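A.B. asks: All chains should be modelled from the sequences, with the hints used to inform the complete structure.
Just so you know, the sequences run in chain order A, B and C. Just so we're on the same page, my numbering is the position in the first sequence counted from 1, plus 6. Just so we're on the same page, my numbering is the position in the second sequence counted from 1, plus 6. Just so we're on the same page, my numbering is the position in the third sequence counted from 1, plus 6.
Heads up, a few of these hints could be off.
Chain copies aren't distinguished; within one or between two, either way the pair holds.
Below, a list of computed lysine-lysine pairs in the DSSO-like style, where the Cα atoms sit at most 27 Å apart [stated by the list, open to error]:
id, residue 1, residue 2
1, Lys137, Lys13
2, Lys181, Lys87
3, Lys207, Lys87
4, Lys13, Lys99
5, Lys194, Lys225
6, Lys37, Lys9
7, Lys87, Lys124
Rather than coming from a laboratory, the hints here were simulated on the basis of the structure. Keep in mind the model is a prediction, meaning the values are calculated, not measured.
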Amino acid sequence: MFKVRIKMENLREIVEVVSTLVTEVKLTVSKDGLDAKAVDPSRVAMLVLHLNQPIFEEFTGEPTEVGVDIDKLREVLRLSKPGDIIELQFDGKRLVAGVGRLTREMAVVDPAGITDPKVPNVSPPARVTVKMDDLRQGIRGSESFTDHVTLSVDPESFTMHSEGDTDRLDLRLPKEALTRIETKEAVKSMYPLDFFAAMVKAITADEATLHVGNEYPLKIEFSMGSGRGEGRYLLAPRVEED
Amino acid sequence: MFKVRIKMENLREIVEVVSTLVTEVKLTVSKDGLDAKAVDPSRVAMLVLHLNQPIFEEFTGEPTEVGVDIDKLREVLRLSKPGDIIELQFDGKRLVAGVGRLTREMAVVDPAGITDPKVPNVSPPARVTVKMDDLRQGIRGSESFTDHVTLSVDPESFTMHSEGDTDRLDLRLPKEALTRIETKEAVKSMYPLDFFAAMVKAITADEATLHVGNEYPLKIEFSMGSGRGEGRYLLAPRVEED
Amino acid sequence: MFKVRIKMENLREIVEVVSTLVTEVKLTVSKDGLDAKAVDPSRVAMLVLHLNQPIFEEFTGEPTEVGVDIDKLREVLRLSKPGDIIELQFDGKRLVAGVGRLTREMAVVDPAGITDPKVPNVSPPARVTVKMDDLRQGIRGSESFTDHVTLSVDPESFTMHSEGDTDRLDLRLPKEALTRIETKEAVKSMYPLDFFAAMVKAITADEATLHVGNEYPLKIEFSMGSGRGEGRYLLAPRVEED
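C.D. replies: Below is the structure:
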């Protein structure tokens, strides 16, 4: 049982980030903040997010796990406008959202029925901090002709490469265009474009750090809640056929 | 036979208000203004509107009944932009609209074929003047999970309540949030959401007065033509199953 | 083989004008500029366009014919924003577009497989220079009820007339509303609305010159590339049934 007040922008960010992978999620809410983990049904992609307490304008109650239907939170967001504070109350049975003079009561999901993913410890050797706008442009240019994308990092640059039957796209970002690049060797992996695109589109921060290896899972780290928390996506590689 | 000139905004308001109930309407046009009545095909909802003469920038001719196809008026509106004056001429056979250098001639509908509703005298005991923005927000939050809405008025507040299988929404507006509230007793009725939503969305004025009773028709009164006329919707209640 | 740099606005204009008629086009690129001709599959409409060299910010290479898929150029445009310079390189086999840090490589089409229309010499007796906004408004008002449009020119005015089973629209532009009107006699022809509408919508210039005759092909001349070139559409008349 808890009662929290949260800025609509912060709730919206959580909804966007989670909804790339699942339609129902288990949120852990406490005086320390909010935690969530999720794995998509095909087990190709995972999410871990933690938001520190200042994410809530107000928290009262005890540490609680609540299973929520993401679409219902989206409907609550639709009732609010930027700048609004949304109140969420959970009495153990029902979740009640308050926006201004509106009260929206909704059923919750039994958390026992939601997969609790074991998140593997993934440490790819290369890391590169990239502007989301650059990634979004590369994705927009690839979606018409391919369903996968190859990311490569060498000491001098980051490249996103897409290839279809007759078409190709390369986004090459040299060192100078990157906030940070750290790798000793050149690495390269291929990932499914649909998940990569959804993740990149869901991130609100201006930049994110991609951790890349050789035919290795991708880790994307990004700031959430205007610096009051962070999210981490993991995405399994596609093995290239030769 | 008549010739009138009318601001596009005023014609657009009439089209929006009428099109919630019918696709064809009989308009009565005279030097005193414009009148229309309509009842929807299922006879659940009615409309009466009267616009006083200053609604026309110019009127010449004699009192005339003309049956019009609302979609064709909508097409005329699409040719104009806010601030435009639209000229409408009716020679007894065809309606000719002029917008700038464009002339749009269209067939009319025989008024004899359009139902002329007998509008009952409905006087529900409670009345409350509500901001349209509040009602619109409540409707937006209800449409995903229900097809009916309960309005209640007591001396202290107005409430719009929606209920689905697992979800609920309440919009409670206390006295202070209302322009006017007048009732001796607490009253409550349930109405079909689709009609209520369409009516609320069609109203251009900032607020409207809802007249509510116990399992009684709803009357919505609203200003039209920037104060030069008024409209009145009636909506039959849905009887609650116990 | 060539390498050119072109403003996205100029490439976009070419793509819009060409795509009204065909999905693949043969472009002739040289130090003198860019040329293209096209005929639609039903052979009702033709296009000739010539852009003088200042259309390219830079040109190197030799005169080249290249067959391009218009949709792929459209995708390149989607990667750019107004003000961007797009680089196009053709090595005889593949076309490579560069936008900022993005490189988009695409297959070309064998120019031998693209119809090279013989453009007839058409000189209708009347010519009238009309604002595109006026034509667009007339087209918008006609598309709901007809699939053809009659253009007429007499010494005093230009008229676009549309007629459906029960509806009509006239756009009458008197001499004063026209940049130029030149005709000795009154002329009139009917044209298919779909092609006429697509042509009018594709033209970027503020006005175009329509050349009209009696049951004769329409010629539309318009400026391209902010005055650095011009396009010419031809459209076969529909013969009126009496």
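A.B. asks: Are the hints correct? Go through all of them and say.
C.D. replies: Now the hints, each set against the structure:
In this homomeric assembly, lysine 137 and lysine 13 come within 27 Å of each other (Cα to Cα) both inside a single copy, at 25 Å, and across copies, at 25 Å. In the homo-oligomer, the alpha carbons of lysine 181 and lysine 87 lie at most 27 Å apart only across protomers (24 Å), although the nearest pairing inside one protomer, at 39 Å, exceeds that limit. For the identical chains of this complex, lysine 207 and lysine 87 are neighbours both inside a copy (20 Å) and across copies (19 Å), given an alpha-carbon limit of 27 Å. With identical chains, the CA atoms of lysine 13 and lysine 99 are at most 27 Å apart within one copy only, with a shortest distance of 23 Å there and 55 Å across copies.
In this homomeric assembly, lysine 194 and lysine 225 come within 27 Å of each other (Cα to Cα) only inside a single copy, at 13 Å, whereas the closest approach across copies is 56 Å. Only within a single protomer do lysine 37 and lysine 9 lie at most 27 Å apart by alpha-carbon distance; the minimum there is 10 Å, versus 61 Å between protomers. Within a single copy, lysine 87 and lysine 124 get their C-alpha atoms no closer than 36 Å, and across copies no closer than 43 Å, so neither meets the 27 Å cut-off.
In this structure, only the earlier hint numbered 7 is contradicted, and the remaining ones agree with it.
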